[in-house]
Each structure stands twice: as structure tokens, then as C-alpha cells.
Amino acid sequence: MTAPTTAVHRVFVVRELGIALALVLLVGVTFAVNTRFLSAQNVKDLLLGSTILAILAVGQAIVIITRNVDLSVGSILGLAAFATGNLFVSNPGMPIPVALLAGIGLGALCGAVNGGLIAAARVPALVVTLGTLYVFRGVDYTWATGKQINAADMPHNFLALGTRSILGVPVLALFAVVVLIGAGIFLRSYRSGRELYAIGSDPDAARLYGIPVGRRVFWAFVASGALAGLAGVLHAARFGTIDANAGLGSELNVVAAVVVGGVAIFGGSGSVYGAALGAVLLTTIGSALPVLGINPFWQRAAVGVLILAAIGLDRSLAVRLARRLRGGSDRGR
Amino acid sequence: MAVDTPVREPVTPPSRTRARGVLGSWDLLVLVALIAVIVVGSLTIDGVGNPRFYRFVILEAIPIALIALPMTLIVITGEIDLSVASTVGLTCSVMGWLWQAGVTSLPLLIAISLALGAVLGAVNGIFVTVFGLPSLAVTIGTLALYRGLAYVVLGDKAVADYPISWTTNMIAPIPGTVVPWFVLVVAVLALLFGVLLHATPIGRGLYAIGNNAEASAYSGIAVLKTKFWLFVATGMVAALAGVFWTFRFASARADNANGLELSVVAAVLLGGVSIFGGRGGLLGVVAAVALLGTLRNALQLADVPANALTIVTGTLLIASVVGPNVVRMARGRLRRRPPPGERTQP
Numbered sequence: 001m002t003a004p005t006t007a008v009h010r011v012f013v014v015r016e017l018g019i020a021l022a023l024v025l026l027v028g029v030t031f032a033v034n035t036r037f038l039s040a041q042n043v044k045d046l047l048l049g050s051t052i053l054a055i056l057a058v059g060q061a062i063v064i065i066t067r068n069v070d071l072s073v074g075s076i077l078g079l080a081a082f083a084t085g086n087l088f089v090s091n092p093g094m095p096i097p098v099a100l101l102a103g104i105g106l107g108a109l110c111g112a113v114n115g116g117l118i119a120a121a122r123v124p125a126l127v128v129t130l131g132t133l134y135v136f137r138g139v140d141y142t143w144a145t146g147k148q149i150n151a152a153d154m155p156h157n158f159l160a161l162g163t164r165s166i167l168g169v170p171v172l173a174l175f176a177v178v179v180l181i182g183a184g185i186f187l188r189s190y191r192s193g194r195e196l197y198a199i200g201s202d203p204d205a206a207r208l209y210g211i212p213v214g215r216r217v218f219w220a221f222v223a224s225g226a227l228a229g230l231a232g233v234l235h236a237a238r239f240g241t242i243d244a245n246a247g248l249g250s251e252l253n254v255v256a257a258v259v260v261g262g263v264a265i266f267g268g269s270g271s272v273y274g275a276a277l278g279a280v281l282l283t284t285i286g287s288a289l290p291v292l293g294i295n296p297f298w299q300r301a302a303v304g305v306l307i308l309a310a311i312g313l314d315r316s317l318a319v320r321l322a323r324r325l326r327g328g329s330d331r332g333r
Numbered sequence: 001m002a003v004d005t006p007v008r009e010p011v012t013p014p015s016r017t018r019a020r021g022v023l024g025s026w027d028l029l030v031l032v033a034l035i036a037v038i039v040v041g042s043l044t045i046d047g048v049g050n051p052r053f054y055r056f057v058i059l060e061a062i063p064i065a066l067i068a069l070p071m072t073l074i075v076i077t078g079e080i081d082l083s084v085a086s087t088v089g090l091t092c093s094v095m096g097w098l099w100q101a102g103v104t105s106l107p108l109l110i111a112i113s114l115a116l117g118a119v120l121g122a123v124n125g126i127f128v129t130v131f132g133l134p135s136l137a138v139t140i141g142t143l144a145l146y147r148g149l150a151y152v153v154l155g156d157k158a159v160a161d162y163p164i165s166w167t168t169n170m171i172a173p174i175p176g177t178v179v180p181w182f183v184l185v186v187a188v189l190a191l192l193f194g195v196l197l198h199a200t201p202i203g204r205g206l207y208a209i210g211n212n213a214e215a216s217a218y219s220g221i222a223v224l225k226t227k228f229w230l231f232v233a234t235g236m237v238a239a240l241a242g243v244f245w246t247f248r249f250a251s252a253r254a255d256n257a258n259g260l261e262l263s264v265v266a267a268v269l270l271g272g273v274s275i276f277g278g279r280g281g282l283l284g285v286v287a288a289v290a291l292l293g294t295l296r297n298a299l300q301l302a303d304v305p306a307n308a309l310t311i312v313t314g315t316l317l318i319a320s321v322v323g324p325n326v327v328r329m330a331r332g333r334l335r336r337r338p339p340p341g342e343r344t345q346p
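Chain order of the listed sequences is A and B.
Numbering-wise, full-length UniProt numbering puts 144 at position 144 of the first sequence, and it's gapless, one number per residue.
Numbering-wise, full-length UniProt numbering puts 319 at position 319 of the second sequence, and it's gapless, one number per residue.
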């Protein structure tokens, strides 16, 4: 039993090291070209820029590990961001934790709608969350009716969340770190966390084994929604200006970050650490290109190449792993 | 994604069975809904009965209708192509760039665009069939790549100085009617894809691939070759949509058709095609495109804010999968289904 487990484990360690290495390489080369790339201010900007995508990626990874997908996260982010701003407009003195809880709660509610439909009505996640992508965004538009909430409408200490640092680390990034470590420990060491992987590897086998598949998937979507809600509140704090378009079109970016981070698109493998690294890498590319003297218009193309390279790498790792599990020789493919 | 089967006996994921089971004629249901929207709309909303209204609906629906045709076939084989809108954008950019570079022959511009679309589709096809990568992930990658290249080619400029005659000809009506002539192109393609899907061995093969790719391969269907050419066809049709887009809006921009991929997928799914592959038909998809377009524009005339209309699209999409399942559950488990196929997809 231990031999295959070790092999599997090693492949994943390699996979995350690979993306970390790519990140180090990118940062290193850029730093060599222009040392100001790692100035305190720029590092802070990089971390701030990655935070929201990383939080979304952690939630998305949890869902994708169960062989599902959540396309509605961009819309949930928008809804939560607008709700936060709106709450501050109507209750100027509202404490910040209340705003955070409200955003997370709203996100969790949206996630429960997704998860409930998927688990109870037994319909494919891609279709349902594509539908709720439109519905949540529509609710956001209807609620906002073209209004915009400005920094002046929100209290100072809330907006300070988006700019303040502790020991050089932006407060927003600390949120991402806490979320990441929490989700990482849960997926790695808790029984229900491990069951998410079992569900993603083979839903039918997981069911036969007695895992409550519907319930686990439901909670995975609630988690993804709650994290998207949190991302919405942080979006409000960081940008200060919110209209109904916050997070528009970000869903495929999030999936891209997760895939780049080595989470298999059909579930069962990968980690939230990889997904978060993927988010940081995608963000870093964006700011490294201009420093390297490359036309920033290449950014999206570079992201595309990175996604293709990442899934190609995963495929070859999987093929090699399968070979090793079969006993070393090169039979078959 | 088979998170949905009940605990005790193995049952096919429901959305696979929805076209066959409760609503054997999902196509018909969508058609009836379309007619209902038209009738109710023209009776209650001022302007919906007007021919100009339909001219506008049609012009708006043409790009989605075009791309939905090959997308239907791709989804039926159990794959998906999310890069189509970026293919539209890249085609627009390249056309704009060529025009600025002095290529002023319309047939040449169109030919280059279609060839470009074929290449972009072939790239998707190679990743999926030669390297065996999941199309969902591949085409999210090429979605970013092609859109990125569109920006590389044209930057954030817009090329808009095409001859007026080109842009007006593109949206000109068929003489004596208000129907844009380009609908004929869509109709011919719809007929072609419809015959291919519903009346040829290749079409039967597509359903077989969607139901069980491995079994199809063993029974002699060229699974990989078929999928490859479907991606090529999708790229070409998306490029054609790009040509239309450029002249319809008299503007080539890198961000043309941004986000259109999800509208196309929504129409295909609402049209009754199963996301797991193996089920669905072209008539339902064409009706769904028309339904979404008509409903959107009719509600807009009824002063429903344009942006809130996405709620309608989303709700229809969810209802189209949840509704049949709920009905099916309510009717009880009358029939035993064969065990699920091994391929499931998000």
C-alpha cells in the first residue's frame, strides 16, 4: 500500500514544486532585468493583486477536486461587493466584522443555491452554475440599477483594510493566507476533506463506499460561494468604487489559475496550495511583462500558453505515474 | 459530473436521459415556448409585432446561431469549445490588421479569415485528440491565448474605415423583405450540419462517441479524427461569425464578441443538448437561439432593463435541466436504466 501512495504523493509534490519553480524563475529573471521589481512597494502590489484571485482559486479548487465546477464565482463576488457597499451606505457606522460576515454569508447562500440544485435536483454543475452566473449577475444589476458606490460612501477604516500592511505584508493578503492554510489543512487531514478527493476520483465508487456524495458536494459549493463572498468584500475594500460589474468575466480566469496550479479538471487530484500558486503566477506574469520590456498586450497570450503547458505537464505526469503504478515497464501507451 | 445519481441502484445521470425520457420532444417544447413568446409578445408589447423588431433580433442572433451549429455537434460528442469567442476576436483583429496593411480585396480577406479559423480550430483539435487533453481545459487555455493574440495583433485600436458598401451590404435585407440576407448563410449551414448530424452515419457516430467513446472506437468509428475535424469546423464557423461581426458593427476590435462563448453554450444547453454528450438535436438549439433572442429583445421593449435580462437567460437554463429531472423524479422510477457510462464531465 505504501509504495503507490508514496509515488502518488511524490508526483504531487513535484507538481507544486514545478509551479513554485516557474514562479521563482519568472520573478528572478524579472528582478535581474530590473531590481525595482522586488521593491517593497511592488511586492506589496503583487500580493494585493493576487489576493482576490487566490481566494477565488482556493474555493474553485475545492469544487473542482470533487469533479464539479463553479462558474458563478465572478457573479457572487460582484453581488457580495455591491451588498457590502450598500450596507455601508445604509449603516455608516457598521463594524467591519459585520461587513465581512454579511459578504461571506451572502456568498454562502449563493453557494447553497448552486449546491442545492446540483445535489438535490441532480443536474450537472457546469449547466447550473452557468445559469446562476447569469442570475446572480442579473440580481446584482437589478439591485444596483446603474448606481455606483464610491469610496466616500464607505468608512475609512474599512478602506484601510485594502491598503494597510502588517510587517510589510498587506492585510488583504493575510486573509488569503488564512483561507489557504485553513482549506489546505481541511483537505489534507480531515476525513471529509479526503472524501472530496475520493468523490472526484470516482463518484460511483465513492457512493458505494458510503460517502455522502450529495452532502459533500453541497458543502463544497457553499465553501466556494462563501469564499467568493469574502473576495467580494475584499474587492470593495481594495477598490473603493463598486458598480454592478465587479468581477465580471473572472470565472474562467479562476478556473485557469486552478488548472495552472495542477488541480486536475476532472477532479480527484491537486491541492489548494497549487491553485493559490497558480493565481499568484498568473498575476505576476501580468506585472512582469512590462518590466521585461514585453508589450503588455502579450499578457493574455502568455496566460494561454501557460495553461496549455500546465495541462500538458499534468498529462505526462499522470501517464508516467500510471506506468509506475503498473510496475515500471513501458507497456501500453 | 455524476454527483447526482441516487444511492441504491446505478442509474444514468439524469440529464443524459432527459431528451429521451420525460420530454421525448424537448425540441418541440422549445419551439412552443418560442411561438408563445412571439404571440404573447406581439399582443401585449408595443413594437414586437413590427417586422423591424425581427430584423433586429435576427441580426443580433446571427453570430450566436452560427457558432451554436458546430458547438452542438461538439457537445454531442462529449467535448466543448470555449475558445470560439476568442476566435471571433482574433479573426476581427487579423482582418483589421490586413485591411490596414493594404489588403483591400473582400474575397481575399474572407478567405484568409476562414483559413485562420481552421488553423485555430485545428490547434484545439490537436491538443484534444493527439495529446489527449480535456477539451474544457484546453479551450480555456486557447480562449486566453487567442484573445491575447488578438490584442497583440491590433492592440486596443479599432479599425473602422471599411467601405460603407461592405458594411451596409453585410446587413442588407433580402430584396422585398426585412430579413437580412445573411440569414440564408446561417440557414444553409444549419441545413448542412442538420443533415450531417441527423441523416448520416457520421452523425450517428457523433451520438455514439458521446455515449461511449471507447465502445465507439472498438466498433470502428474514427473517434479522434471525427473530433479533430469538428474542432476545425467550429474554428471556421467562428471565423465566419468574426467576418460578420466586423462588418455588422463596422468595427474590428480585439475585444469583439468578448464573453460570447457562454451565450453560445447556454443556447446549446437550453436547446436540449446534454453536457455529457450523446443527446440533443439541432432543431432544439436553433429554436433556443431564437427563443433567447426574441425574449431578450421583447422584454427590452417592455422596459425591462437590459442588464436584468440575464436573469431570464439564467433561469431558463437552470429550468431546462432541473425541470425535466423534477418531473422525472415525481413520476417515480418507472424504468430501470442501464448502468452509467464511464465518461462523465463537468
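These aren't lab readings, by the way, just hints derived from the structure by calculation.
Some clues are possibly wrong.
[As the list claims (entries may be wrong)] Covered stretches of chain A (in silico footprint by chain B; criterion: 3 or more residues with CB under 8 angstroms from a CB of chain B, positions within the stretch not fixed): (1) 138-150; (2) 222-228; (3) 309-319.
[Unchecked claim] Partner residues aside, some chain A positions facing chain B, computed with beta carbon under 10 angstroms: (4) 128; (5) 251; (6) 291; (7) 304.
Quick caveat, the model's predicted, so the values are computed rather than measured.
Quick reminder that beta carbons are idealized off the backbone N, C-alpha and C, glycines included.
Going down the list of hints, with the structure as the test:
Judged by the Cβ-Cβ criterion of 8 angstroms, the region 138-150 of chain A is covered by chain B as claimed, because 5 of its residues qualify and three suffice. Counting residues of the region 222-228 of chain A whose beta carbon lies closer than 8 angstroms to any beta carbon of chain B gives 0, which falls short of the minimum of three for the stated coverage. A stretch counts as covered by a chain when three or more of its residues have a beta carbon under 8 angstroms from one of that chain; for the region 309-319 of chain A and chain B the count is 3, and the coverage holds. The interface hint given for residue 128 of chain A is met, as the beta carbon of that residue sits about 6 angstroms from the closest beta carbon of chain B, less than 10 angstroms.
At a threshold of 10 angstroms, the smallest CB-CB gap from residue 251 of chain A to chain B is about 9 angstroms, leaving the interface hint in force. The closest approach between the C-beta of residue 291 of chain A and any C-beta of chain B is roughly 18 angstroms, which is over the 10 angstroms cut-off, so the hint fails. Taking 10 angstroms as the C-beta cut-off, the interface hint given for residue 304 of chain A holds, the closest approach to chain B being about 3 angstroms.
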